[in-house]
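Given chain A, work out where chain B should sit, using these hints.
Top to bottom, those sequences are chains A and B. Per full-length UniProt numbering: the first sequence = residues 1 to 569. Per full-length UniProt numbering: the second sequence = residues 1 to 569.
To be clear, the hints were calculated from the coordinates, so they are not data collected in a lab. One should not assume that every hint holds.
Simulated DEER-style distance windows between Cβ atoms [stated by the list, open to error]:
#1 D372/A - T491/B: 46 to 54 Å
#2 T2/B - P494/A: 35 to 43 Å
#3 G446/A - R323/B: 51 to 59 Å
#4 E328/A - P166/B: 57 to 65 Å
#5 V467/A - E493/B: 46 to 54 Å
#6 R270/B - R82/A: 21 to 29 Å
#7 P34/B - D565/A: 22 to 30 Å
#8 E411/B - S141/A: 35 to 43 Å
By construction, the Cβ of each residue, glycine as well, lies at the ideal position given by its N, Cα and C atoms.
Protein chains: 2
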Amino acid sequence: MTYRAPVEEFLFLFDHVVGLAQVAETKRFAEATPDLTAAILTEAGKLCRQVLAPLQRAGDLHPARLENGVVRTPPGFAGGWRAIAEGGWVGLAAPAEHGGMGLPQTLAAAVHEMMSGACLALQICPLLTQGQIEALTHHASDALKALYLPKLISGQWSGTMNLTEPQAGTDVGALRTSAVPNGDGTYAITGQKIFISWADAEFMENVVHLVLARLPDGVPGTGGISLFLVPRNLPDDEGRPGPANSLRVVSLEHKLGLHGSPTAMMEYDRATGWLVGAPHKGMAAMFTMMNNARLGVGMQGIGVAEAAYQKALAYARDRQQGRTPMGEGGIVEHADVRRMLATMKAELFAARAIALSCAVAIDMATATADADWSARAAFLTPIAKAHGTDIGLEVASMGVQIHGGMGFIEETGAAQFLRDVRVAPIYEGTNGIQAMDLVGRKLMDGGEAAWRLLEEVEQAAEAARPVLPDLAEEVWAAAESLRETTEWMLTQEPNDRFAGAVPYLRAWARVLGGHAHLAAARAEGGTGRRTALARVFVSRLLTEHGALLAQARSGAAGLYALSADDLAA
Amino acid sequence: MTYRAPVEEFLFLFDHVVGLAQVAETKRFAEATPDLTAAILTEAGKLCRQVLAPLQRAGDLHPARLENGVVRTPPGFAGGWRAIAEGGWVGLAAPAEHGGMGLPQTLAAAVHEMMSGACLALQICPLLTQGQIEALTHHASDALKALYLPKLISGQWSGTMNLTEPQAGTDVGALRTSAVPNGDGTYAITGQKIFISWADAEFMENVVHLVLARLPDGVPGTGGISLFLVPRNLPDDEGRPGPANSLRVVSLEHKLGLHGSPTAMMEYDRATGWLVGAPHKGMAAMFTMMNNARLGVGMQGIGVAEAAYQKALAYARDRQQGRTPMGEGGIVEHADVRRMLATMKAELFAARAIALSCAVAIDMATATADADWSARAAFLTPIAKAHGTDIGLEVASMGVQIHGGMGFIEETGAAQFLRDVRVAPIYEGTNGIQAMDLVGRKLMDGGEAAWRLLEEVEQAAEAARPVLPDLAEEVWAAAESLRETTEWMLTQEPNDRFAGAVPYLRAWARVLGGHAHLAAARAEGGTGRRTALARVFVSRLLTEHGALLAQARSGAAGLYALSADDLAA
Numbered sequence: 001m002t003y004r005a006p007v008e009e010f011l012f013l014f015d016h017v018v019g020l021a022q023v024a025e026t027k028r029f030a031e032a033t034p035d036l037t038a039a040i041l042t043e044a045g046k047l048c049r050q051v052l053a054p055l056q057r058a059g060d061l062h063p064a065r066l067e068n069g070v071v072r073t074p075p076g077f078a079g080g081w082r083a084i085a086e087g088g089w090v091g092l093a094a095p096a097e098h099g100g101m102g103l104p105q106t107l108a109a110a111v112h113e114m115m116s117g118a119c120l121a122l123q124i125c126p127l128l129t130q131g132q133i134e135a136l137t138h139h140a141s142d143a144l145k146a147l148y149l150p151k152l153i154s155g156q157w158s159g160t161m162n163l164t165e166p167q168a169g170t171d172v173g174a175l176r177t178s179a180v181p182n183g184d185g186t187y188a189i190t191g192q193k194i195f196i197s198w199a200d201a202e203f204m205e206n207v208v209h210l211v212l213a214r215l216p217d218g219v220p221g222t223g224g225i226s227l228f229l230v231p232r233n234l235p236d237d238e239g240r241p242g243p244a245n246s247l248r249v250v251s252l253e254h255k256l257g258l259h260g261s262p263t264a265m266m267e268y269d270r271a272t273g274w275l276v277g278a279p280h281k282g283m284a285a286m287f288t289m290m291n292n293a294r295l296g297v298g299m300q301g302i303g304v305a306e307a308a309y310q311k312a313l314a315y316a317r318d319r320q321q322g323r324t325p326m327g328e329g330g331i332v333e334h335a336d337v338r339r340m341l342a343t344m345k346a347e348l349f350a351a352r353a354i355a356l357s358c359a360v361a362i363d364m365a366t367a368t369a370d371a372d373w374s375a376r377a378a379f380l381t382p383i384a385k386a387h388g389t390d391i392g393l394e395v396a397s398m399g400v401q402i403h404g405g406m407g408f409i410e411e412t413g414a415a416q417f418l419r420d421v422r423v424a425p426i427y428e429g430t431n432g433i434q435a436m437d438l439v440g441r442k443l444m445d446g447g448e449a450a451w452r453l454l455e456e457v458e459q460a461a462e463a464a465r466p467v468l469p470d471l472a473e474e475v476w477a478a479a480e481s482l483r484e485t486t487e488w489m490l491t492q493e494p495n496d497r498f499a500g501a502v503p504y505l506r507a508w509a510r511v512l513g514g515h516a517h518l519a520a521a522r523a524e525g526g527t528g529r530r531t532a533l534a535r536v537f538v539s540r541l542l543t544e545h546g547a548l549l550a551q552a553r554s555g556a557a558g559l560y561a562l563s564a565d566d567l568a569a
Numbered sequence: 001m002t003y004r005a006p007v008e009e010f011l012f013l014f015d016h017v018v019g020l021a022q023v024a025e026t027k028r029f030a031e032a033t034p035d036l037t038a039a040i041l042t043e044a045g046k047l048c049r050q051v052l053a054p055l056q057r058a059g060d061l062h063p064a065r066l067e068n069g070v071v072r073t074p075p076g077f078a079g080g081w082r083a084i085a086e087g088g089w090v091g092l093a094a095p096a097e098h099g100g101m102g103l104p105q106t107l108a109a110a111v112h113e114m115m116s117g118a119c120l121a122l123q124i125c126p127l128l129t130q131g132q133i134e135a136l137t138h139h140a141s142d143a144l145k146a147l148y149l150p151k152l153i154s155g156q157w158s159g160t161m162n163l164t165e166p167q168a169g170t171d172v173g174a175l176r177t178s179a180v181p182n183g184d185g186t187y188a189i190t191g192q193k194i195f196i197s198w199a200d201a202e203f204m205e206n207v208v209h210l211v212l213a214r215l216p217d218g219v220p221g222t223g224g225i226s227l228f229l230v231p232r233n234l235p236d237d238e239g240r241p242g243p244a245n246s247l248r249v250v251s252l253e254h255k256l257g258l259h260g261s262p263t264a265m266m267e268y269d270r271a272t273g274w275l276v277g278a279p280h281k282g283m284a285a286m287f288t289m290m291n292n293a294r295l296g297v298g299m300q301g302i303g304v305a306e307a308a309y310q311k312a313l314a315y316a317r318d319r320q321q322g323r324t325p326m327g328e329g330g331i332v333e334h335a336d337v338r339r340m341l342a343t344m345k346a347e348l349f350a351a352r353a354i355a356l357s358c359a360v361a362i363d364m365a366t367a368t369a370d371a372d373w374s375a376r377a378a379f380l381t382p383i384a385k386a387h388g389t390d391i392g393l394e395v396a397s398m399g400v401q402i403h404g405g406m407g408f409i410e411e412t413g414a415a416q417f418l419r420d421v422r423v424a425p426i427y428e429g430t431n432g433i434q435a436m437d438l439v440g441r442k443l444m445d446g447g448e449a450a451w452r453l454l455e456e457v458e459q460a461a462e463a464a465r466p467v468l469p470d471l472a473e474e475v476w477a478a479a480e481s482l483r484e485t486t487e488w489m490l491t492q493e494p495n496d497r498f499a500g501a502v503p504y505l506r507a508w509a510r511v512l513g514g515h516a517h518l519a520a521a522r523a524e525g526g527t528g529r530r531t532a533l534a535r536v537f538v539s540r541l542l543t544e545h546g547a548l549l550a551q552a553r554s555g556a557a558g559l560y561a562l563s564a565d566d567l568a569a
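Looking at chain A on its own, in the form it has when it is part of the complex (with noise of 0.2 Å):
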C-alpha cells in the first residue's frame, strides 16, 4: 500500500471549482497553462510515491536526535529532501529572479498537500523554507535578498520560523529573546526559543533562522518587536557558509508525533543577526510569513486527511468480515464502514475545495493587487487552517476505526498518521485563535468579505436549481442562515463573538463544502458520482450548520456562569 497522489482530483478542482483559469489569465501567472499545470502536478506526484512515501515509516521508528550538538535525522531524509531540493520544488512560487519558477501558489499548495500526505514530518522542511523565502522577499533589504533567496530557493539551504518562548506561546508578544545594535549593521540576539521545527539537520549546508526579539527600545507587548534573519554558518559576500554563529540546539522534543521532524529549544548567546523590514515591525512581516504557513498547515491535514483515507479504504476493501445486507465483500459492504468512508471524502473534497479557493484568491491578489482578492484570502485563511486541519485529525481517527484492532497496532500505519497530524490544530496558531481571528479581525471590515462570498455561494445556488434543486434550496438556505448569523456577530462583543467563533467557522466550512460540492456535481451534470458524493455531504454533513449556528450564537454569558471553581468543582 503506497500513498497515490490524487492529481486527478486537483485538476478537477481547479477546471470546475475553484476557477484556476483566471489566475492563468493574470499577466503575472501567464505561464501556469493547463498543461504545464498538469505537468507539475504530475511530476510533484511520482517524487511523493516513489521518494517521500517510502520515508514515512522510517522516520516514525528513527526520530531526529541530538548528538554531541549535531541534529541526526531518519535514514533517508537527507535523500528526501535533496530529491525535492534538485526537483525544483522549494522554489515552486519564489521569485523568477531569484532562481524560484514564480508558479502560483494555488500549485504550491496542492505540491504541498501530497508531500504531507506522503511524509508530513519531511515536508515541515520545505514549508518552513517556503514561508521564509516569501517573508525575505518582502520585507528583506536587497542585499539580504540577493545573498539569502538563492540558497533557500535552490534548497542548499533551509529556514526556520523562531516565535515561541516557554511563557511566550499565543501571546508572542510577551517574548523576551533582546536584540542589541553591534554598531556595524548587526545586532547580538540572546534568548531562548522552544519548538522550532527543524532548527538543524546534519545534512543542511546552512540553517536561517527567522527570529523575533526585542531592540533596546521597543516597547513592551507585540508594537515592540522585530524580526531577525540568523543563520547558523556566516556566510561570506559569495553566499559560502563560514564561521558558526553563537547559537546552538540545546535539545530535541519527545513528540506524540512527527518523529521524523526535530523540533528543537534553540539558545542564542549574542547572535550575529540583521534586522528584517522596520525595527518593532517584526509582527507584520512575521504575518507574511504566518500566513502562508497557515494555508499550508491547513493542507498538510488535508494531506493526512487523503493519505489516511487511502489506507483506511484499501483496508476496508481487502478485509472481509462476515455477510452483509449487500452480500459477500470486503468490510467496506458494511453500511457503517461506508458511512465512515464516504464521509472522509466528503469533507476532504470539501476541505481541499476551501483551501484551494484561499490559495486562488492569494494568487489573484498578489497578481491584480485587488483589495477584494487580499480580503478573501484573508477571510479565508483561518478557515482553510482550522478546517483542513480539524478534519486532517477527524479523519485519520476515523481511519485507525475502519481498522479495528489492526488500527491500534503501530505497525499497520493507521495510528502514526493520528499522532503525525495531531499537532497541525494547534501550530500556527491554535484553531481557536483562528476561529477568532475570523470572527475578530476578518469581520472588521464590517462583513464585506462575508458578504462578497455568501453572495456568490448563493449566485451559484440559484444558478443550479434547474439542474439539482433539492442539493440547491439546501445550500441557498445554509447560505442564508451563516448570512444572519454573520449579521448577528458584527453586533456583539468580542467575548460573545469569541464564545460562538470555533462552530461559527465550521458552519463556514460546512456552507463553503456545500457550494464546492454543488460546483463539482453540476460539472458533471447532476448524475455521476461527485452527485452522489454531493448529496452524502448536503445530507450529512451541511444538515449540521443549523446546530452550529446555534452554537456560534450562544454568546459568553453561559460559559461565564460556570467559574473556574466551578469547573473544579
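Same frame as chain A, but now just chain B:
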C-alpha cells in the same frame, strides 16, 4: 498534578440522577447503604490517587515485554495489582459465597471509572477478571466455580478473554480454534488467538483463559462455538497451580497506547481445557462476559475523560497568555478555552450518568429478575459503551488542544490519554457494532425499552417545567423527535437502520444526557453550578440532536450510490 477521584460527583449522581436508592432497597443489595457506598468510593479513590495514578506514566515509558517466554510488566504494576487484589476490589460485585462482596455493579462501575482515570493500562486486568468471574458464575459447573472463583475473586489469579483470531474479529463465527474431547471430561484446545489483553504477567500466580473454540461437531458460524476454560497452570484439587499447560504467549503487540498492558498473540497446542456452559452455546456465555466488559469499557472512556479534563483544567488555570476580555488570569478566562472546558465537563457528566443508569438497570435486573430492567440494561449497554468511549476520545483530544504546543510533547502527559483511550471505541465490539446492536437487536422488542425510557424522560421534563421551563421544553422536544425517529427506525430494512445507527445512538446520548442534566439542575432548585452546566449542555450539545436525527434517517441508498470504485476514484 495527580488524578483526583470524583467521589462527590458519584454520590450526587447516585442520590439525585440515577437512583441508587432503589437498588439498596432490594433484598439482594440491602447492604449497599449510602454510608457503605460513600466509604467504598472514598477508599477506592484513595487507592486510585495514591497507588495507581503514579503508575500511569511508568506504564507508558516501560512497555510490557516478552523475555524468554515471560511477560515482564512495567515497574510498579505488580504492586498496583496486589493493592487492587488485597483491597478486595476484584471481587466487589462477585458472589459472597466464593469470597466476593456481593455489592451492586453500579459501585463496581464507579470504581472501574476511577481506576481507568488513574491507570488505564493496569485497570484492564481487574476488568477482564471480573468479566470472567461473571461468566463462570452464570455458566460454569459447580466444580469449576469452586476451584476457580475464589482464586479469581481474591486476585491471586487473573482472567482473560480469547475471542479474536486473525480472520475472525467482528465476525467471531469465522474462528478456527478447535476443541477435541480427551475422553476424560477435558478437551484439547488448538489454535491461535490475537489481541489478548493481559495474557500473562510475571507476577501472576496463574492466568485463566476463557477461549472460544469449535467442537468437532460444531456447525460453521457462531452456532457451533463453545467456551472453554484453559488455565496457564493446571491446578490440583486444592487450587495449587501445577504443571504448565500447553499454551504460550507468541508475541506482544507494539501499540499506539496502553503500553503497560501486555497484548498478546496466544498459541494453544492441544492445551487442556474445560467446557463452560453447554456445547455450542459458547457465544451466550461469552456475551455475559462481553456485556459486563462493554459497560466497563464505557467506564474506561469516562475515566480517561475525567483525568484528561482535570489535567487540562489545571493547565488552563495556571497558564498565563495575554489579557482576555475578562481581564488577567489563566487561559481558562479565554472564551474558547472555557468553551472547551465547559463542553468537556458537560459531556463527562452526561456520559457518566448514562453509564451509571445502565449499571443501575443491571443491578435491578439482578435483584428483581424483572424483564423490563433487563431490557433497559440491554438497551443502555451499547449507548454506555459507544458514547462513553467516544467522549473519552473527544475529551482527551480537547485536553491536548487546551495544552497548545505542550500537548504534543509526551512529557506533558496529555497525549498519553489520547493514545491510551483510542482503542476503547474499537475493542469489545467497535462503536459501529454497538450502534448496529442498538438499532437491530435492541429494537427487536418493538421499541418497548425505548418507549419506556422516552416516557420517563418526558415525564421528568414535564415535572421540571415549573422550575426550569426553557430547559425542560428543550429536553421534552428532543425526546419527542427521538420518538419519531425511533418509530421510523422500526419500519425500516436492516441496512437503512444500520446506515443511520451511529448518529441515532448519539442522539440517544444527547437526549439521555439532557435528561440527566435536567435532573441535576432540579436537584439544586434550578439555580447554581449544575444548572449552569445543564444550560451549556442544552444550548451547545443537545442542540445537535436535530442534525443527528436527520443523519439517522438518511438511509443506506445514498451511501451505496457510491460504489467501492467510486470511493477509490
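Status of each hint after checking the structure:
For the pair D372/A and T491/B, the beta carbons lie near 52 Å from each other, so the given range of 46 to 54 Å is met. Take T2/B and P494/A: their Cβ atoms lie about 36 Å apart, and the range 35 to 43 Å holds. The beta-carbon spacing between G446/A and R323/B, approximately 25 Å, falls outside the hinted interval of 51 to 59 Å. A C-beta distance of roughly 19 Å is found between E328/A and P166/B, which places it outside the suggested range of 57 to 65 Å.
Distance hint check for V467/A and E493/B: the Cβ-Cβ separation is about 30 Å, which falls outside the suggested range of 46 to 54 Å. A hinted range of 21 to 29 Å is violated for the C-beta pair R270/B and R82/A, which are about 56 Å apart. Roughly 26 Å separates the CB atoms of P34/B and D565/A, a value that falls within the hinted 22 to 30 Å. For the pair E411/B and S141/A, the supplied restraint of 35 to 43 Å holds, since their beta-carbon distance comes to about 41 Å.
Hints 3, 4, 5 and 6 from the list above are not met by this structure, while the remaining hints are.
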